[in-house]
Every structure is written in C-alpha cells, then in structure tokens.
Amino acid sequence: MRDVAVVAFTQAPSVRRDLDRNEVEILIPVIHELKQKTGLKNEDVDFVCSGSSDYLAGQAFAFVSGLDAVGAWPPVCESHVEMDGAWALYEAWVKIQMGYAQVALVYGFGKPSMGDLPITMALQLDPYVLTPLWPDAISLAALQARICLEKGVCTERDMAERAVRDRKNAKDNPFAQVKGDFTVDGILKDPFVVSPLRKHDCAPISDGASAVILAAGDRAKELCKRPAWIRGFEHICEPLDLGVRDLTRSRSTEIAADRAGVGKKKIDVAELSAPFTHQEILIERALGLDDGTRINPSGGALAANPLMAVGLSRIGEAASRIWDGSANRAVAHATSGPCLQQNLVCVLEGD
Amino acid sequence: MAELTAVIGIGQTKHAAKRIDVSMAGLIREAAERALADAECTWADIDAVVIGKAPDMFEGVMMPELFLNDAVGGAYKPMLRVHTAGSVGGSTGIVAASLVQAGIHDRVLCVAFEKQSESNATWALSISMPFSVATVVGAGGYFAPLIRGYIRRSGCPEEIGIQVAVKDRLNALKNPYAHLQLADITPQMVRDSPMLWDPIRYLETCPSSDGACAMVMAKESIAKRASKPVAWIHATEMRSEPTMFSGRDQVMPRATLDNAKSLYEKAGITNPRKEIDCAEIYVPFSWYEPMWMEGMLISDTNQGWKMTESGATALDGDFPVNMSGGVLSSNPIGASGLLRFAEAALQVRGMAGEHQVDGAKKALGHAYGGGSQYFSTWIVGSEKP
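Chains as they are written, first to last, in numbering that gives the first Met the number 0: chain A, 0 to 350; chain B, 0 to 384.
None of these hints come from the bench; they were simulated from the model.
It should be emphasised that the depicted structure is a prediction, and the values quoted were computed from it without experimental measurement.
Take every hint as true, because none was put in to throw you off.
Restricting the straight-line Cα-Cα distance to at most 25 Å, the calculated cross-link-like pairs of lysine to any residue (SDA-like) are: (1) B:Lys265 to A:Asn41; (2) A:Lys34 to B:Met243; (3) A:Lys265 to A:Arg164; (4) B:Lys17 to A:Pro131; (5) A:Lys40 to B:Thr242; (6) B:Lys273 to B:Ser153; (7) A:Lys40 to B:Asp257.
To be clear about the criterion: a stretch of chain A counts as covered by chain B if any three or more of its residues have a C-beta under 8 Å from a C-beta of chain B, and this derived list gives those stretches: (8) 70–84; (9) 225–238.
Note that the Cβ used here is the ideal one computed from N, Cα and C, for glycine as well.
Sequences are here, hints too, so could you generate the full structure?
Below is the structure:
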C-alpha cells in the first residue's frame, strides 16, 4: 500500500436552515478556503470525488452543480458517489493506491432543510414492503434503542451521558450546531420525541459541507507539516432488512474495524458519526474503545450532522487532531442507512 | 503501478419497456447471476460490490443500493454506489476496476441498472428549481439544439441521423438482449416517424428500458486461470466539466477531447481509427454517432458523418460502432454505460454471438452524461497491454 495522508480540511458551519444559500453556494467558500490553505490549484489536483444525495436537494443530478464550486475548467478527472463524502474519500484513496493520482480533492455536501428529513429518509427503505408504511428515521432508530434498552445493552442514562459529553466538547468547535453545558439529570427530564428517544438522543438536522485534500508520500509532506497518514481503511454494508440484523451491535463496524486494524495499538482520538446516542454506544463498542480514547473532541454527529458531509467531517476532524499533535493515532467513523446499516472506519496516524 | 486487471464475467438482462416479472432486486440479480456464471465463480468469491445507477428519482427510491445490496451478495462486504449522470454505467465499471487495479481486492462485482417503468425519467429530469434556469424539456429537448449546432457546423446531411437509426436497430436484431426488435425498419419508416425535438424524430431517439448489466473484474493471477477468454483492461479515463459558462462549446466539449487524448495515451494508441477494431459508443440520439466519432478523435473535425455515410460504422465496416444495437435499441439509463463497456469486452473475448466483429482484438467502450459534460471510457483487449 502507498502512504496516503489527509493533509487539509475545511467545513461550513452546520446550521439548522441555511435560508440564503443553495447547496453549491454553501460548498463554494469551503472549497475556496481549502485551495487557499494549501495553495493548490485545479491543475495540481489529479482526481476529484464528491458525495451527495439528489433526494436531499429534491432534484435529479443535484451533484452536477458541485462542479461549479470546483471551477472544473479545464475539465477534471472526477467521480461522484451517492453516499457520504467519507466514501468519496475512499474512492479517491483507491485512485491514489492504483497510481492514477497523487493529490485528490474530496467534498461532501447536503442541505436536508429543503424537505422534511425524517420522512424523506423513509424513501431510503425497501420501496415494496417498507416505504409504503412510511416509517420515519427517528422511529426506526427508536425501535433499535428500545431493543438495546430491553436487552440491557445500555441505559437511558448511558445515552444521555453521550449527549452531555458531545455537546460539551462541541463548545470548542465553532462549526458545531448544538453545544453547551448540560447535565444528565437535567436532560433526562425532557419529554420523549419518539420513546425511548428524547431530543438530546437525536442528532440535529444540519445544512453544511466539508472538503478534504488527500495526498501521497512526499507530496503529502510538502503540503502538511505532520500529515495524517491513512493506515487502515475499510467499509462494510449489512442487509437493509432490520429483521435479519442484530440491532444490538454493529457487526459491519466490527468487521471494518478488524480489517482496518483499529485494535492493534492505542487509539488517542475517535470521531464518530452516530446520529443517535444509543448508536454512538454501539459504535464505541464495535471499535473496542475504552477510557483511554478521547471520543468526539469536535462533538461528533450529535453536535453537527450535515448529511453527506458528516462522515467526511469526522475524517477531517480526526486528522486535525493529528496535525495539532494532540493525537498520534485516531479513528474516524461514518455511517449510512437505517440503524447503522453501512459503516466506514478510517485509521489515521501521525508517525 | 496498477495491477493488471481483466473482465472475467459479463451478464445482462433482457431489456424491455416494462420488466414487471421482477422487482429491482430481481432485475439486478438476474444480471449478476449471469456474470458470476460466466466468470465461473460464486457469490462467496466476490470481495466487494459496486452498484451504479442514474438519478434516484428515476425509480423514486433514495439510495436504492442500500436495499439492493443484499440481492447481489453484498451483505457484510464493502459496497460503493456510483452516480455520475448518464456516464454512470461507465464510471461504475471504472470504480470496480480501480479496486482491483489498486491491489485492494481480488474479484469485484459491479452492477448497474435502471428500472424506468417504476417512475418517469422525463419528469425526474424536468424538475424546476428556484433561482435556476428551468429548461423543463427532458433529455431530448436539451440535446436537440446541440445536434442542430453540429449539423450547422459540419454540413451533415439529414440522412445521417436516419442511417444511424436504421443501422443500430438492424444490429439489435442480432442481439437477443436488446429491447427494440424492429425487423421491418427502413429509412422511410424513420423519416415518417413523428418529429419530437427537431431534428430528432421518434425513431432517432432511444427507448425507455428496464434492464441491468453486471461484470466481474479480477486480478491477473485469477484471470490467467479462466477457462474462457478474458478482456484485459488497457486503460480507463474520465473527464468532467461544468454544465454552463460563457464560451463553453457544448457541441464538442473540451472534456471529451481531453478524455480521448488521455485514454489513447494510456492505452498506447496513436491512431485510434486503425488500432481499435470496434467501439460501443453512448448514442442516445442517432446524431451522436458522428458527433462522438469526432469527440473521440476517431474522425477529423466535422467529418464524422462521412464515416456513417460510407458505411464504415456498420457491422461489416472498417470501424464497426454499436454492434449490440447500442443505446438506441436498449436504454436502461444507469446501465447503458456499463453495457457499452461490457459489449466492448464481449467483442475482444470473441463472445458477442451474432453481432461479433471477426477477430476483434481491441475495443472501445464509451459513456457520457449530464449536459454533455461527463465522460467515461475504457479500452479493453484480447491480449495483455
């Protein structure tokens, strides 16, 4: 495997509703800032890859206008996944591994405020047998949380602790949306949104975008004093059908973590993309994290959840901890699909 | 640096206006099972799955790969979903190939599909968004002015579009998987068909199809052991440019020219007309055959139509194009690009049946999409590069 590193990261502030800008207008300053930071011009970038969803924009081919943010002229070598930008980063990493590229630009963007997100997500289910029942995303997660509580996998207090921790961490993150000092006892008094989930158990709905530069070998060292080298990278997809999965654990994360070598050495920092508190617990366990790991120093997905960019942002945030020297080994996680169906794990190291 | 990679298995469905006998999952599984059988391997041999399709609104399912993954053996495996507009089928093949070329996986299955009968593509392509220019004309309305631009520049006679429409439908009669089977097609019949978007007549445009295509790619050590001929990947290339800006040549975009130059350079081709034996080109409207002969640098500028006129692009010509019947005969949009790539591979494997070009050793697969702005292509060969 070639040495490939995350060398730069920019993001838009996550907001509940960006009234003034469309998806691309949110993306433009993010990509401009990334180019300014690195001094890279389009001709220095060998491959561009992005992640977004037509259904968030409410338009077929919504990603096409992302090319306007890149300023793709002269024409660029480019691809797009209808997935979170974390998977776009995976594709870019593959292109660098095969020798097709040295430097890649990756971005993810989403504006879920264009529609009613929990209901929109019902369109992501089996269209013949599940979608006609219109189960919204929060209700499906609540089913999973209920199973976890009844099987003794976690308690409501464990879940609230994650919310308190992430919101507290997010106070240091100017791009986060939900932040502040809360107490477990305080937030447990809140009413249920969908039992057993309270508001704090659910990630916010966020409009946002993020972008990353990947570079190989010496090129990475030129672009970054302390590159965040990708030492393990895997993603696994489970079947969608909830009835054939064990919802009290994340098997796909376990497999991906094993293949990515998460457990080989101590993890200093973890950035998790779990959009519900009980899911954050499941991911922590699937990754085998313990008290020795600082979890979600950015606040994670529970503090800012720009769909299609949130996973890519986790990789960017984890890399940032390597760059500033506060971590030497970090793991970033991204998820997609109902109840943690598909998961990606990326291990980053400073040395 | 890239690992040598080959196509070892190909499968496609019977394409039709409505495949009401299968669900989306059944459709892609039909193609995938045929690809596995051709590759002489089982679901367990597949390391990763790549799924491609055009906009999700074409079926009305958001990220349908999530519910489809299981149907093509993707449970507990890595799965990627590619979407690069009309070129997506080609891009899907390229991503799958990259996973092997990068040395990450040994065998990768890619599947691309569209089940147009479950929604309405022209509706999905005509959504008007706030503060943006709404053409609300579907694909035909979008491309008709570009075709008129080409006709004006090149002096291409009206007969050319008709000639391509007839040629591709006659080729489709030799392809049992093709959607349209118009045994009685004549130039007069095409000329008499209704004008949809001047100059595109009804019979000069592609059908709306349900269909899927699948391929298995494998690394060299596996491909060498295959009992059937394989198609070695000589080069892949992609280019994209923005939809509209002042001065953009939409008739002959720079992205196609850059893509072609780079593809041939990587494949070691200096004279594509001579060195490539046949090509499957994305031609959704008949006029795009001569346009892409120029866009792929196979013909000189404004001369592409002379290749059609002289019969060079016919099945028995010196540069056969769309031997399978092409997009004009089957158009499951998301799969149409992968079908072009797959048909190119079938030709160099000598497994194209009745529409086989004798002795084809090197073939071009091509797809384009968006506002003539996304291009993905590959060169495959019977011999290693």
